[in-house]
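Peer 1: Protein chains in written order, with my numbering: chain W, 1 to 298; chain S, 1 to 298; chain Z, 1 to 298.
Since the hints were made in silico from the structure, they are not lab data.
The reader is advised that the hints may include incorrect statements.
The list treats identical chains as interchangeable, and a pair is accepted whether it falls inside one copy or across any two copies.
Claimed, not checked - Think about it this way: if two alpha-carbon atoms lie no more than 20 angstroms apart in a straight line, the pair counts; the simulated SDA-like pairs of lysine to any residue are: (1) LYS256 - ASP187; (2) LYS284 - LEU242; (3) LYS167 - ASP260; (4) LYS279 - GLU291; (5) LYS284 - SER109; (6) LYS294 - VAL263; (7) LYS231 - GLY217; (8) LYS256 - VAL190; (9) LYS55 - ASN36; (10) LYS256 - LEU204; (11) LYS279 - ASP244; (12) LYS284 - PRO243; (13) LYS167 - GLU226; (14) LYS231 - LEU204.
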Amino acid sequence: LRSPGVLPLCSRPPAWGRAARQSPGLLLAQRRAFSNNKILVELDEGSGVATMKFKSPPVNSLSLDFLTEFCISLEKLENNRGCRGVIFTSAIPTVFSSGLDITEMCGKSMEHYAEFWRAVQETWLRLYGSNMVTVAAVNASSLELLPAGGCLLALSCDYRIMAENPKFSIGLNEAQLGIVAPFWFKDTFVNVVGHRVAERSLQLGSLHSAPEAHRIGLVDELVPEEKLQDKAAAVMAQWLALPDHARQLTKSMMRKSVLDRLVAHREEDIQNFISFITKESIQKSLRMYMEMLKKKKS
Amino acid sequence: LRSPGVLPLCSRPPAWGRAARQSPGLLLAQRRAFSNNKILVELDEGSGVATMKFKSPPVNSLSLDFLTEFCISLEKLENNRGCRGVIFTSAIPTVFSSGLDITEMCGKSMEHYAEFWRAVQETWLRLYGSNMVTVAAVNASSLELLPAGGCLLALSCDYRIMAENPKFSIGLNEAQLGIVAPFWFKDTFVNVVGHRVAERSLQLGSLHSAPEAHRIGLVDELVPEEKLQDKAAAVMAQWLALPDHARQLTKSMMRKSVLDRLVAHREEDIQNFISFITKESIQKSLRMYMEMLKKKKS
Amino acid sequence: LRSPGVLPLCSRPPAWGRAARQSPGLLLAQRRAFSNNKILVELDEGSGVATMKFKSPPVNSLSLDFLTEFCISLEKLENNRGCRGVIFTSAIPTVFSSGLDITEMCGKSMEHYAEFWRAVQETWLRLYGSNMVTVAAVNASSLELLPAGGCLLALSCDYRIMAENPKFSIGLNEAQLGIVAPFWFKDTFVNVVGHRVAERSLQLGSLHSAPEAHRIGLVDELVPEEKLQDKAAAVMAQWLALPDHARQLTKSMMRKSVLDRLVAHREEDIQNFISFITKESIQKSLRMYMEMLKKKKS
Numbered sequence: 001l002r003s004p005g006v007l008p009l010c011s012r013p014p015a016w017g018r019a020a021r022q023s024p025g026l027l028l029a030q031r032r033a034f035s036n037n038k039i040l041v042e043l044d045e046g047s048g049v050a051t052m053k054f055k056s057p058p059v060n061s062l063s064l065d066f067l068t069e070f071c072i073s074l075e076k077l078e079n080n081r082g083c084r085g086v087i088f089t090s091a092i093p094t095v096f097s098s099g100l101d102i103t104e105m106c107g108k109s110m111e112h113y114a115e116f117w118r119a120v121q122e123t124w125l126r127l128y129g130s131n132m133v134t135v136a137a138v139n140a141s142s143l144e145l146l147p148a149g150g151c152l153l154a155l156s157c158d159y160r161i162m163a164e165n166p167k168f169s170i171g172l173n174e175a176q177l178g179i180v181a182p183f184w185f186k187d188t189f190v191n192v193v194g195h196r197v198a199e200r201s202l203q204l205g206s207l208h209s210a211p212e213a214h215r216i217g218l219v220d221e222l223v224p225e226e227k228l229q230d231k232a233a234a235v236m237a238q239w240l241a242l243p244d245h246a247r248q249l250t251k252s253m254m255r256k257s258v259l260d261r262l263v264a265h266r267e268e269d270i271q272n273f274i275s276f277i278t279k280e281s282i283q284k285s286l287r288m289y290m291e292m293l294k295k296k297k298s
Numbered sequence: 001l002r003s004p005g006v007l008p009l010c011s012r013p014p015a016w017g018r019a020a021r022q023s024p025g026l027l028l029a030q031r032r033a034f035s036n037n038k039i040l041v042e043l044d045e046g047s048g049v050a051t052m053k054f055k056s057p058p059v060n061s062l063s064l065d066f067l068t069e070f071c072i073s074l075e076k077l078e079n080n081r082g083c084r085g086v087i088f089t090s091a092i093p094t095v096f097s098s099g100l101d102i103t104e105m106c107g108k109s110m111e112h113y114a115e116f117w118r119a120v121q122e123t124w125l126r127l128y129g130s131n132m133v134t135v136a137a138v139n140a141s142s143l144e145l146l147p148a149g150g151c152l153l154a155l156s157c158d159y160r161i162m163a164e165n166p167k168f169s170i171g172l173n174e175a176q177l178g179i180v181a182p183f184w185f186k187d188t189f190v191n192v193v194g195h196r197v198a199e200r201s202l203q204l205g206s207l208h209s210a211p212e213a214h215r216i217g218l219v220d221e222l223v224p225e226e227k228l229q230d231k232a233a234a235v236m237a238q239w240l241a242l243p244d245h246a247r248q249l250t251k252s253m254m255r256k257s258v259l260d261r262l263v264a265h266r267e268e269d270i271q272n273f274i275s276f277i278t279k280e281s282i283q284k285s286l287r288m289y290m291e292m293l294k295k296k297k298s
Numbered sequence: 001l002r003s004p005g006v007l008p009l010c011s012r013p014p015a016w017g018r019a020a021r022q023s024p025g026l027l028l029a030q031r032r033a034f035s036n037n038k039i040l041v042e043l044d045e046g047s048g049v050a051t052m053k054f055k056s057p058p059v060n061s062l063s064l065d066f067l068t069e070f071c072i073s074l075e076k077l078e079n080n081r082g083c084r085g086v087i088f089t090s091a092i093p094t095v096f097s098s099g100l101d102i103t104e105m106c107g108k109s110m111e112h113y114a115e116f117w118r119a120v121q122e123t124w125l126r127l128y129g130s131n132m133v134t135v136a137a138v139n140a141s142s143l144e145l146l147p148a149g150g151c152l153l154a155l156s157c158d159y160r161i162m163a164e165n166p167k168f169s170i171g172l173n174e175a176q177l178g179i180v181a182p183f184w185f186k187d188t189f190v191n192v193v194g195h196r197v198a199e200r201s202l203q204l205g206s207l208h209s210a211p212e213a214h215r216i217g218l219v220d221e222l223v224p225e226e227k228l229q230d231k232a233a234a235v236m237a238q239w240l241a242l243p244d245h246a247r248q249l250t251k252s253m254m255r256k257s258v259l260d261r262l263v264a265h266r267e268e269d270i271q272n273f274i275s276f277i278t279k280e281s282i283q284k285s286l287r288m289y290m291e292m293l294k295k296k297k298s
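Excised from the complex, chain W in its bound form (with noise of 0.2 angstroms):
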């Protein structure tokens, strides 16, 4: 049992926040080469407002390049105290996020497996216990070829805002790949729509419309796709009028448990991954989706 307590306010960021800052994933993210234009970061210094937008042709998929920029990104926005908020969306007009790159978890080795496993967990940690206020703004579909990420990173922020457009979609369909969401897919959609909802939802791998997201409580708006950008502007504005000490707690002690359960877990989690994404028939399974998904392209 935690006692969060009435949480003192303080300048530092609460312990989850900086057991993530000193986590090896993002050593080993500074340590390695990565591209540095998958995501453009843009601050607006009079507002403390940042928008990332995904531009990684041509789905924006969450590959480990794809991450480490996401994770150093938002890293220097939490570190910059002119940045109070940040705005996700895509520059891609077709998609939001494709998820999990598939080619990450095929025909590599046991070292690549875990770093591109720990750098999911990474930007998950770090999303789902940013200090900053996180607004998702998804204005293409979260079109879930792979295995489900961008309806993760949408999960993972204060507010989701959704184009009220019926031919959108946004789930996590790990089951319809014959594969498992782990624990804190899980713990994170829970948190989001209900036991209920997650449980018949993750077993049948659903992906939901914009307006059925909404009903469930996936999403908590939907607006035209033309107003989507002003409508984060105006909910971002309307969050960044409480004072951050006292939400920046409230949020900590919403969302603490599930972050220190990953955190508990981390190892094991990889562990789990390798093992499960090298069995012959997992490998074999994503081959032949891949090789799908290419002849649907051609």
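Chain W is already provided as a structure; the job is to place chains S and Z on it using the hints.
Peer 2: Positioned in the frame of chain W, the structure of chains S and Z alone reads:
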């Protein structure tokens, strides 16, 4: 804290499933004579879908015999690789199930109470933890004259469809009979309808009409009576379209903590039941309730 | 993990009820002088229903005196076998309760802060854990000029009815004042509205209009102001139709883990409150807030 992690795909049932299978409940059940005609089991080998039809007149009450037959039938299907899903429904047009058989709780020996309660536990452990897709087709009132059992069976399935007859009702009515639902009935209910609805409904022992049951999420869908079986088959087909392993592991991830809790406290729960049910005040009130039911019938 | 099991019916209050009764909070309260006119208590011996009417002008703020009187009044009713339920309402037409009295948190001694916070805890432990049926008849705005307390009282009841005046509002507004709700306010809130709504509402310190409070489940029902008391009596009659013991044990099963958590961390929670409230930055901001309220009033 549990860490299911990315669960490896495997052909073995998850740990809690194996535990249930090794439990003394079934051993007892296997050794005692039991009727074999309270449930009609039909397996469609083409689709891999079985139907279990309750046919224990007059009101499908959950007697020790009924529960024993239920567990053995379910185990046979679970171990049959040709069976991937089960639909539960009633062969008696007027009632789905009237609930736990009150005669098993009244004027019997301590040994009998223990055996009965173990069978109730076993039924829930097997059904809530089943690797198969489970759909409740509630084609009549879950007419809980008796402590709610029909509702528990439905709550333990993956999906609940109910005939949209406003006269039909369903709920966990224990409090109305002066008794208390065990913690695992409560956990199962909370996982479906959330904490607030469960708190209110359990305290009032509410029987919800079909429309209300749908509104609070106790059932997933209402359909006209004549379309109920077709709808159940369609839902089953939708769920069976998913790869079994991924779906099973996802289900286990969602339900494991609640199942583990009863497994860890099973004997204690039986002792609690016995010391409760053998109180003279409770025995007296159950006898009076049975008298009242007999008078109603005649 | 707890195992409430099938809880035996008994005439003794459940363990957490007894613990609350033996707690030092009440001993302190019994020893100190306290006003006895901030709450009007009326008991209808025919129905067994008491009404506690808050009448502490100007705004029913939850001062140490108010909370002490609340606890003692509630304990008297709890120990009176003729009383089975309590309705909470305001005798001041313009306000249900304005919240925790900010003057108790500003410029006082450490001992005073400890005594005040212990009284806030005691109030919640007794009300959330009451064996009686508790109904909040929110007949005016829970005008949380002060850190939300009226809302906590309502959240701790079994049922909440609110006058359907769109000008009335209710919520846990701590974040707006730059402070953080303690974990047990949060737990109580999550148990009523679920994790997602609580996370958003607590981070924004939202005051919800009556219709919105109803929509998110913060209140169970809206009724015209002139029908509020009749409705409260009707709801009370419905709940009192249930056998007391079964209802009480069910209530305890639903609330015990959250109550136990504060009981186990009570002194730590008081120390957290003191170290938080005695920070110069917080004292300064509370003083400024009081000045602002005074100016508004004049």
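Peer 1: Have a look at LYS284 and LEU242 and pick one of within, between, both or neither, based on CA distance no larger than 20 angstroms.
Peer 2: between (51 angstroms within a copy, 17 angstroms between copies)
Peer 1: Are the CA atoms of LYS279 and ASP244 at most 20 angstroms apart within a copy, between copies, both, or neither?
Peer 2: For LYS279 and ASP244, only the inter-copy Cα distance (17 angstroms) is at most 20 angstroms; the intra-copy one is 46 angstroms.
Peer 1: Quick one: LYS256 to ASP187, C-alpha cut-off 20 angstroms, is that within a copy, between copies, both, or neither?
Peer 2: both (12 angstroms within a copy, 13 angstroms between copies)
Peer 1: 20 angstroms Cα cut-off: does LYS167 pair with ASP260 within a copy, between copies, both or neither?
Peer 2: The answer is neither: 37 angstroms in one copy and 41 angstroms across copies each exceed 20 angstroms.
Peer 1: Within a copy, between copies, both or neither: where do LYS284 and PRO243 come within 20 angstroms Cα-Cα?
Peer 2: between (52 angstroms within a copy, 15 angstroms between copies)
Peer 1: Is it within a copy, between copies, both, or neither that the alpha carbon of LYS231 lies no farther than 20 angstroms from that of LEU204?
Peer 2: Classified as between: cross-chain Cα gap 17 angstroms, same-chain 32 angstroms, threshold 20 angstroms.
Peer 1: Measure nothing new, just compare the shortest in-copy and cross-copy C-alpha distances for LYS294 and VAL263 to 20 angstroms and report within, between, both or neither.
Peer 2: Neither: 36 angstroms inside a chain and 47 angstroms across chains, both beyond 20 angstroms.
Peer 1: Between copies, within a copy, both or neither: which fits LYS256 and VAL190 at Cα up to 20 angstroms?
Peer 2: Intra 14 angstroms, inter 15 angstroms, cutoff 20 angstroms: intra and inter.
Peer 1: My question is about LYS279 and GLU291: at a cut-off of 20 angstroms on alpha-carbon distance, are they close within one copy, between copies, both, or neither?
Peer 2: within (18 angstroms within a copy, 62 angstroms between copies)
Peer 1: Have a look at LYS284 and SER109 and pick one of within, between, both or neither, based on CA distance no larger than 20 angstroms.
Peer 2: within (16 angstroms within a copy, 58 angstroms between copies)
Peer 1: At most 20 angstroms between CA atoms: does that hold for LYS167 and GLU226 within a copy, between copies, both, or neither?
Peer 2: within (16 angstroms within a copy, 33 angstroms between copies)
Peer 1: How do LYS55 and ASN36 come out at 20 angstroms by Cα distance, when the copy is not named: within, between, both, or neither?
Peer 2: Close inside one copy (11 angstroms), not across copies (64 angstroms); limit 20 angstroms.
Violated hints, in rising order: 3, 6; the structure is consistent with all others.
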